[in-house]
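Use the sequences and the hints to build the structure in full.
From first to last, the protein sequence lines stand for chains A and B. Residues 1 to 471 in the numbering used here are what the first sequence lists, from first letter to last. Residues 1 to 471 in the numbering used here are what the second sequence lists, from first letter to last.
These aren't lab readings, by the way, just hints derived from the structure by calculation. In this text the structure is predicted, and so the values were computed from the model without any measurement. Incorrect hints may appear among the rest.
[To be verified] Quick look at which bits of chain A chain B covers, simulated, 3 or more residues with Cβ under 8 Å:
(1) 166-177
(2) 181-193
(3) 240-253
(4) 424-433
Where is the CB? At the ideal position from N, CA and C, for every residue including glycine.
There are 2 protein chains.
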Amino acid sequence: MSSRPAPFVRPSTAAIAAALAALSARFGNKVVTSQAVREQHANTATWLTNEPPDAVVFVASTEDVQAVVRICAEHRVPVVAFGTGSSLEGQVNAPFGGVSIDLSEMKEVVAVHAEDLDCVVQPGVTRKQLNDYLRDQGLFFPLDPGADASLGGMVATRCSGTNAVRYGTMKDNVLALKVVLPDGEVMNTARRAKKSSAGYDLTRLFVGSEGTLGIITEVTLKLHGIPEAISGGVCPFPTVEAACNATIMTIQSGLPVARIELLDEIQVKASNAYSKLTLPESPCLFVEFHGTAAGVAEQSERFGEIATEFGGGPFEWATKAEDRTRLWQARHDGFWAGCALRPGTKAISTDVCVPISRLAECLTETQRDIAATGVTAPVLGHVGDGNFHLTLLVDLTDPEEIARAKAFSGRLVERALAMEGTCTGEHGVGQGKIKYLKAEHGEAAIGAMWAIKQAFDPHGIMNPGKILPLC
Amino acid sequence: MSSRPAPFVRPSTAAIAAALAALSARFGNKVVTSQAVREQHANTATWLTNEPPDAVVFVASTEDVQAVVRICAEHRVPVVAFGTGSSLEGQVNAPFGGVSIDLSEMKEVVAVHAEDLDCVVQPGVTRKQLNDYLRDQGLFFPLDPGADASLGGMVATRCSGTNAVRYGTMKDNVLALKVVLPDGEVMNTARRAKKSSAGYDLTRLFVGSEGTLGIITEVTLKLHGIPEAISGGVCPFPTVEAACNATIMTIQSGLPVARIELLDEIQVKASNAYSKLTLPESPCLFVEFHGTAAGVAEQSERFGEIATEFGGGPFEWATKAEDRTRLWQARHDGFWAGCALRPGTKAISTDVCVPISRLAECLTETQRDIAATGVTAPVLGHVGDGNFHLTLLVDLTDPEEIARAKAFSGRLVERALAMEGTCTGEHGVGQGKIKYLKAEHGEAAIGAMWAIKQAFDPHGIMNPGKILPLC
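Here it is as C-alpha cells:
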C-alpha cells in the first residue's frame, strides 16, 4: 500500500472568509477570532511553536459539530478538535489554519448504567468531573493523565496514566463512540454490549486518531466499582535497576498491582522539596493495591517481600485515605516538582515505552546519557507497563542547550525503538512525534494509515499535519 | 461515507486456471484440488451451504503466503485464510471460488518472552498446543473458544470464550500482528511495548477482520501467569433470572470472577446425561476464581453469599484440580451434550450479547419464544459479559422446521439489538450474520467499513462475501 496524498495546503484567504461568514451566520458570538483566544486554543505545552487557528467555535451539541464540519468541508477549511488543551505533542495546533472546535461546553454526563458498569458522556466532561459525579454510586473511572483532561481528548490521544497497569488504557475502557465524520455524517462505532465480533473495530480505530478521522461527540466508557479497600505506600531501592527488577517480579507473580510508579533520585529530591515529603533520597516505587481488606494486605506484604529480594525496602504501606491522598497528590505534582528544579526553563515531557524486560537497561542507558549530555531530566515512570517520562528542563533562551536537548530526546526515542519499544506510550503523535513514526512502524503500516486517512477524509480537512508523516 | 464497491464476481475459468498454474509451478504438490480437500476447507459447521474453493494451498511461511497472495492478486482470484475450520458463520466458505490458504502447518511458537508476559506464534498454532508449550514456564493463554482453534483464526474472528469476563477477548490479548496485505506486502501492525499511542490502531483493525483485509502470518500475544490457586464449583438457581441477577451482583461487587457460565435447565439435563454428572436439574452457574489461596477462598465465600441472596445455592466449591477439570470439561462438551438431545439433527450455535442489565429479560423472553416456537435449544452463557449461546437443534430434512428455526434465530438477534446488544458476541459475522450488520451499526458505520475494505483491498480478493453487507 503506497497511497500518499498531495501535501496539505493552507486554504485561501477567500475560503477562510467564506467559511467564517457561514459560521458566524449559524453560530453568532460563539465564533471567536480574537488573537488571545486563538492562541490559547493552539496551546502546545511543549517547545512546539504556537500555530493558532483562524477562528474558534464553541459548540454545544453533535448537531453543532455537524454544522461546523459541513461548512468547513464545503470550503475545504481545516477542523481541529479542542477539549482542555492539555495535550503534549501539539495536537491542537493549527499549522494550516482553519477552525478550532471547542468542545468544553459539551460537558453533560448523559447516562450512568450502574448495573452495566458503563456511562455515556459528552466529550468535554473531564475525568475529575466524571469521578465527582460517580462517587456517590460507588463507581469510578480509573484513567488519570496528569492534567484534568477532557474525556474526548483522552480518547483521541489513547491516553492512560498511573492506573493503566491494572485497568488498561483508553483503548480498553471505551465501549463505543459517536463521531461526526469529515462529511458531517454522524456515526456510532459500536453498541453498549460488553463484547462484539460484528465487523471492523471502528471504536479502536477512533481511539488514538487525534481528530484526524472525525470529531468525537459522545463517549461510552467502562466504569469500575470503587475498591472496598486500597493499600499503598512508598518503597525505596538502591538503584533504578533494582526497582525495575522488583517491578518485573511483581508483574510476573501476577500480583494485581493497581499502580506502580518509579521516581528516580532526582525526582524524589524534587518531590520532597515541592510536596514537602521526607522520602529517602534514592529511587522509589509508589505502589497501590485495590481489593478487599484481606486481599490488599496480602498483596502489600508480598510486594514487600519482593522488594527485599532486590535490596529494596522497607515498604511502608497504609490503608488510610489521607496518607494515600498526600502520596498520590505528590505523584501527580511530580511534573511541577520537576519544573521547580530549574525555574525559568521550559519542561518537556518525554514518553517512551519498552517491553518491561528492557526497562532497566533503557533507563540505565538514559541516565548515563543524561549525565553525559548535561541535561536536567528527572524520571517519572509508569513502570508496570514499561512506560516512563523524563521532565526535560530546557532553557529556551539558549539555542545550544535546545539543540543538545533535542538531540538527547531523539536518542531516547531511538534507544526505545531499538528495544522493540514505541516513541509514545500515552501522549500521542501530534506534531512532535511524526518524525519517528516511519522508523517505528515501517513503510507498509504508514501506507495503511494513509489509506485509512484518505478513505475517511479525502480532502484532508481533519486536523491536518498530525500523526501521519509526509514522504 | 457512502462508498460501495461493485458486487464481487467469480473470476473467469481462465483466470482461475492461470492462477492455479502459477501456484503449481511455485508450490508443486502443496496445491491440492481434490473435491474432498476443497470441501473440507469450506466446512461451515452451520446450516450454510458448503462452497468449496477452487484449490487449497498448504503454506509454510510468510513468504509462501506472500507468493500465493501475489499470484491471486495478479489474476484477481479470491483468497480465503484457513486455520482449523472451526469457525461458525461460514468464514472459510468460498462463495466466489478462489484459493484457500491452509495455515495449519505454520505452527511454530516463535518466541516466549516470560519476563514480558508475551509470546510470538505462527497463525496455525492452536490454543491447546500453545498452553502445552507454556505450562512448564508457569504461563498460560486464557482464551478458550469451544474448539481447539488456531490462534490466527481466533484473532481473525475476535473470539473469546469462558475466561473473557476476567481476561478480555482477543482484542485485549493481541499486542501485534504480522500480516500479508492484499498486494503481497508484509506489514507489522505494532511493536511489543505493552502500550502505545503511536498512530492508528492497526492491530485492532485486523482483530475481527476475518481475512477480509489481509492474511495474518504472525501473532504476538499477551500471556498470564498460571494462578497460584484456583477455586471453582457449581451453583444451582431456581430460575434463569435469579442466576442472571446473581451474576450482575457479582460483577458489580468487583469480585474478580475468572469464569461465570450459565447452563439452563435443559442444558444441565443434557450435560448430566452426556458428561455423567449429577447436577440438580435447574439453571446452574459454573464459577471459577483465580488468585492466591486466601484470595480465591474469600471470593468463593462471597459468591456463595451473593447466590443465597438471590435464592440460589448451595455453592459447592473446591480447589482440587481433578474436580475442576471434570466440571470444565463438561462445560466445554456442553455443545456436544446439547447435540445428543436430538440425534440426527444439525446443531446451530447462536451468539447474541447484550448489556448485562438486560440479560435476564433477554433470556427470559427467549425461553418463552423457544417454548412458543417449539424448538429444542439449550442455553450456554458467558453471562458475566452478557453473551449467551443457544444450541439450536434442527432437523435439516424438514423444510418447515428449518423455516421456523431461522425465523426464531432472526427474532433472537432482533431482540438483542433492541436491547443495545450485538448479533455476535464472539463468533464473528462470516456469511451468517451479514444480514444483521446494517441494523446493528447503521448506514454510516457500514459505509466506513466499506471505505476501509476498499482502501486495503481495492480488487476485493480477500475473503469476498464476508462481513460487509451489499446494499
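Evaluated hints:
Coverage of the stretch 166-177 of chain A by chain B holds. Counting CB-CB distances below 8 Å, 4 residues qualify, and the rule asks for three or more. Under a criterion of three residues with beta carbons nearer than 8 Å to beta carbons of chain B, the stated coverage of the stretch 181-193 of chain A is upheld, 11 such residues being counted. Counting residues of the stretch 240-253 of chain A whose CB lies closer than 8 Å to any CB of chain B gives 4, so the stated coverage by that chain holds, three being the minimum. Counting residues of the stretch 424-433 of chain A whose beta carbon lies closer than 8 Å to any beta carbon of chain B gives 7, which meets the minimum of three for the stated coverage.
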